[in-house]
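Now for the letters of each chain:
Number of protein chains: 4
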Amino acid sequence: MGTIDTGVEVRPVVPVAVVGATGYAGVELVRLLIRHPEVQLAMATSDSYAGKRMSDVYPHLSGIADLELASFDAERVAEAAQIAFLALPAGFSSIMAPQLRERGVKVIDLGGDFRIPGSLYREWYKKDPPPERWQEEAVYGLTEWNRDRVAGAAFVSNPGCYPTAALLGLLPAVCAGGVDPGGLILDAKSGVTGAGRGMNPGNHFAEVAENFKAYKVASHQHTPEIEHHLETIGGRRALVSFTAHLVPMGRGILVTAYGQLADRWRGMSTEEVLEVYRETYRDAPFVRVRAAGQWPQTKEVRGTNLCDIGLTVESRTGRLIVVSVIDNLVKGAAGQAVQNFNVMMGWPENAGLERVPLYP
Amino acid sequence: MGTIDTGVEVRPVVPVAVVGATGYAGVELVRLLIRHPEVQLAMATSDSYAGKRMSDVYPHLSGIADLELASFDAERVAEAAQIAFLALPAGFSSIMAPQLRERGVKVIDLGGDFRIPGSLYREWYKKDPPPERWQEEAVYGLTEWNRDRVAGAAFVSNPGCYPTAALLGLLPAVCAGGVDPGGLILDAKSGVTGAGRGMNPGNHFAEVAENFKAYKVASHQHTPEIEHHLETIGGRRALVSFTAHLVPMGRGILVTAYGQLADRWRGMSTEEVLEVYRETYRDAPFVRVRAAGQWPQTKEVRGTNLCDIGLTVESRTGRLIVVSVIDNLVKGAAGQAVQNFNVMMGWPENAGLERVPLYP
Amino acid sequence: MGTIDTGVEVRPVVPVAVVGATGYAGVELVRLLIRHPEVQLAMATSDSYAGKRMSDVYPHLSGIADLELASFDAERVAEAAQIAFLALPAGFSSIMAPQLRERGVKVIDLGGDFRIPGSLYREWYKKDPPPERWQEEAVYGLTEWNRDRVAGAAFVSNPGCYPTAALLGLLPAVCAGGVDPGGLILDAKSGVTGAGRGMNPGNHFAEVAENFKAYKVASHQHTPEIEHHLETIGGRRALVSFTAHLVPMGRGILVTAYGQLADRWRGMSTEEVLEVYRETYRDAPFVRVRAAGQWPQTKEVRGTNLCDIGLTVESRTGRLIVVSVIDNLVKGAAGQAVQNFNVMMGWPENAGLERVPLYP
Amino acid sequence: MGTIDTGVEVRPVVPVAVVGATGYAGVELVRLLIRHPEVQLAMATSDSYAGKRMSDVYPHLSGIADLELASFDAERVAEAAQIAFLALPAGFSSIMAPQLRERGVKVIDLGGDFRIPGSLYREWYKKDPPPERWQEEAVYGLTEWNRDRVAGAAFVSNPGCYPTAALLGLLPAVCAGGVDPGGLILDAKSGVTGAGRGMNPGNHFAEVAENFKAYKVASHQHTPEIEHHLETIGGRRALVSFTAHLVPMGRGILVTAYGQLADRWRGMSTEEVLEVYRETYRDAPFVRVRAAGQWPQTKEVRGTNLCDIGLTVESRTGRLIVVSVIDNLVKGAAGQAVQNFNVMMGWPENAGLERVPLYP
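Residue numbers (numbering that gives the first Met the number 0), protein chains in the order written: chain Y, 0 to 359; chain Z, 0 to 359; chain D, 0 to 359; chain W, 0 to 359.
The reader is advised that the hints may include incorrect statements.
Since the list gives no way to pick one copy over another, a pair counts as held whenever it fits inside one copy or between any two copies.
To be verified - With a straight-line Cα cutoff of 20 Å, these simulated EDC-like cross-link-like pairs (lysine to aspartate or glutamate) come out: (1) K126 x E313; (2) K215 x D55; (3) K105 x E131; (4) K105 x E348; (5) K215 x E270; (6) K105 x D147; (7) K105 x E135.
These are computed hints drawn from the structure, not numbers from a lab. Computed from a predicted structure; not experimentally measured.
Chain Y on its own, in the form it takes in the complex (with noise of 0.2 Å):
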């Protein structure tokens, strides 16, 4: 595939590193980045896959995205790239992200090591966390919520996808003092990509297509994450019961929230709460908030970094339900790690990641 010259004077790039590219999400990085206007893709490692080439891993960047696979070497990542997208299984970032900063290269880190304190980390993932150093530096990268404090900042802990969808869907109630944020249910579902490339029968297609279930239930590591981050961004304690669901589909997540209406807004309507949800988002290039009655569906965000939004008020009940979509390979992890990197760099924050979803 050739390039269009469009004879504007080139403008220097910025070259990054993608560690951990054979995998969805490192996969899904290479296919942003590859076509960010401000970017050269300088380096992608894979361990598995290591002196091939991309394209043979994955032919369908043939011609698109051929170079070579390294193994992980922090120096050498050091040479190449000012900035790398760490896609990793949880645990890894731990040790690799150190390597990293500590050699001056910024990182934004799409794994779940660096998004909780220590001590969660250690419960729900069992698993040491990281060093206390290089936690207390990681900015958290809910980019709606955290803009000022990713702008400057050298590390990012990238969102979980489950997490990216229930923060963005609940915030904005949470934040106004309309829902209590002690007693909220977080009914979550997601395409099958969301579990990783391993191979188990869990991920046969015999045994995912015309089959749904729940897993984990009680006990998903996002849970906290979910918690804490309600709590740090919306002040006030939370407690959430969280169930993730298994949908047959590749991409997409949706959370269905529950939520006890405070008594600030007994009574309001759902279109005023609508209009908090819209005031909120106003400046953000990726969140939409629907018209009352009319519900998003994962489809019609797929491939891109939106999050759809829609809502009532159940006046039977007292409660706020909102259902929340996105992709959750985009949104929901290289998406929104781009989103932070243009933030990072000054950028337009939509750059390189103005594509309409592909419907049907």
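Given the coordinates of chain Y, assemble chains Z, D and W onto it according to the supplied hints.
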């Protein structure tokens, strides 16, 4: 397909009619009744396809169910059949069921007209309810909880698909006083056959596949059915938030139910609650209670009349979380109808229903 | 799940073993045999899961097939069962089947080891063929075309899934001399269970869904099986181009076959050719020949032992086009094995196999 | 979604209209044109939804394409746009395209009316063909093979989806005299968007999912289009057996083509034939020829204008087997239309079309 001559003397069979045989519930009734050892499928009606053979409309039934479809005529149904299964859109049974009952035909109605009191029906269905006389005769056919009344009934109102899964999952806890039915949250997910065979873009493969959405949030007509029968069976006032979601699969319902533990059950372990459930369903041939930590999947009951239930006590929040799954076309429609039929006739409850799930 | 007491005197049942019970063909054998009226499932083996119960590995079988899985031991199989169904990867039956036969156990082998002469096996499977003595004993179990030999057999080699659909679709034309078997093109499509339960990215839901591909083009090991049995049954030299494709579904095979009409059939109408097919399969309980202009769909035979066939004479090109469909796990594996078993035992051919397709 | 201010001076954009914007090809045109750097989407028409906004009908376009849909009126299209893309059911372009052309509007027609001579159109489409004058003006827009004529055209007839995949896969061999076009077999498979958004049970999720079928066997209207352009471009009489199949996926076409090697190519290796293909498509930015032994998958081109091709010489049978894949809505419809538009305007052929496949 021939018949196995087992050398056993032939018993008289009961002639039955399926009214509305070409919708998805109707064709599922045909699948089950055509192999029922005590039954002869004497008549099948379809106003859309009258004059065609069942196997013209559904070629998979060639050589299995080739009978000609008739228009509905109460008199002719009464001549041909002792019992009629009605599988019709809302509003039709209100008219047809009385016509059949007046002619002495037993009725099992799979529609929604007779499941809730007329005032609720009018409010949620926006239609005139059926005559009170017949409403009173109709027994709510949640077999496991109403077996004795079904046994003596001439007119059974078969439960809705979502209510079947929801009630089987919650009634053991509600009836034991373990959970407060006044604050329940039911997050329900269904395959697309739940919406029937009617065509609109919402059923188009290209818009359902690789997609997930909520629908009829806070307004689904199964809400009052669940509340009403939690009350009539459980004996206490119920109030539920019910949300329906569409899963990109053909068959299957999964309901995730969240209830606050009442004082009586506070401190109980998951295992102790499971024991209550096991005890409750000890004699129910179609309910399987899973071991702690195991969660049922819709595919594990596909094509069968089974309802599988898993649960956990979430001590952090003081909640009971129950997951129940059924095949919406079988236990949620045609299968439960046959189960009720068996009970009405005094046959073994599982006659003609002993299928093994089609997995994978 | 209880049992219906029909008050009929109990007949002696035949004890059988399934060797390799946890692969997809194995679990399908369990589904069929557990409800077979003449059979007792006496043993199920699985080297991967020995010591677990069948329902631990496949929870959908809870209460239906809870027997403990054993390691394979020819002696113990011989003690427990009169007949063993082998559902194993290529190469294993070559060793295990002789061990069982030497102990007097009848064998139905669902693998590929005994379907073709040793020289072809070596060439296409790249493995050593089984001992000649047992090769000679094994009868190719394409029931409709080898019923008499199967009836007297102690060792049946069950056909492959693609060959079953291909041969049933083509043999009526080839045997009648209507089509030249020297220039056939077989374009075949299969659901993903055809590749077994083994995990690799090629089976991952995210990479199978919303995707379609060809595989093993011009090199699939079912090619010589089709050619060989076109010759042994059809009596003339066959040469076929065979291409396999992967369909994003769990079950089902459809083969589109293209053959040049021989002089004998030139000028024949579609209806006349259909009449030959109908006549050929007049006494075959599982083959359904469709009317002109109707084309079979894989879903129309799902879960059953049926093979549906449609065809047309394309006069523009002088070709016969035949489309045949089966459920690859039933008629293409476990179901045909049970059918052969029925024939070996002198039972009705459809004993335990009278299922209605699960549609939709 | 905002716009990135790149500080580059603004170029004048070309106003375009999409006629029939709410069918699947129409909404795909909107997806591509709304992000095209040289284009302004000035008008979108839909007789079904006139007066609504595009994003009312397709909420995924909220904030992206909110323009109001108009009824078709040739005069108003002529006022608003320099070029109109027609995405209409068969028969409509015959009337509308002339109205637009007479008013000086350039036309790219995505329908079937102008692709084949009137006599063939009448025979296969069972409709009156368009006026001869306009037929003669319309250039067949198989860009890779007609680039020069497209460059000077005011009226382009965009190829059908199946013909695009079939012709790109076969023309290099046919034009080189390597394969005889008189005996081709094209076994084609398509996702369900190929059938449009019209609703009938054949598009219902429950009947498409977990299913595979052939349709319009030996009678598909794309047959004469393939034959005709094999002849006009390849220069020799063509005769093909063409079979269409429906794959349970939304997007994607795969064509498996079988051709007898002509004397000239007898004995050639797969690698040598691949070299001819690579040479043929050396300057085609959207065609990727795979290495020997690698087979393209539909998902590897999803959402893009790419066509991937794999092939093998089957020496046993003397045949060439070619597999080609496209996204039917992009290269098979809207994308190729934009590609032709780029060529007509003298822009880079891939302007606005440099997407990375959405994988997985």
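Against the structure, the hints come out as follows:
1. In this homomeric assembly, K126 and E313 never come within 20 Å of each other (Cα to Cα): the closest approach is 41 Å inside a single copy and 23 Å across copies.
2. Taking identical chains as interchangeable, the C-alpha atoms of K215 and D55 lie at most 20 Å apart only when they sit on different chains, with a minimum of 18 Å there against 35 Å within one chain.
3. In this assembly of identical chains, the alpha carbons of K105 and E131 lie at most 20 Å apart only when taken from the same copy (18 Å versus 65 Å across copies).
4. Taking the shortest Cα distances, K105 and E348 sit within 20 Å of each other inside one copy (18 Å), while across copies they are farther apart (38 Å).
5. Proximity of K215 and E270 under a CA criterion of 20 Å is satisfied inter-copy only: 17 Å between copies versus 35 Å inside one chain copy.
6. Proximity of K105 and D147 under a CA criterion of 20 Å is satisfied intra-copy only: 17 Å inside one chain copy versus 49 Å between copies.
7. In this assembly of identical chains, K105 and E135 lie within 20 Å of each other by CA distance solely inside one copy; the values are 15 Å within and 61 Å between copies.
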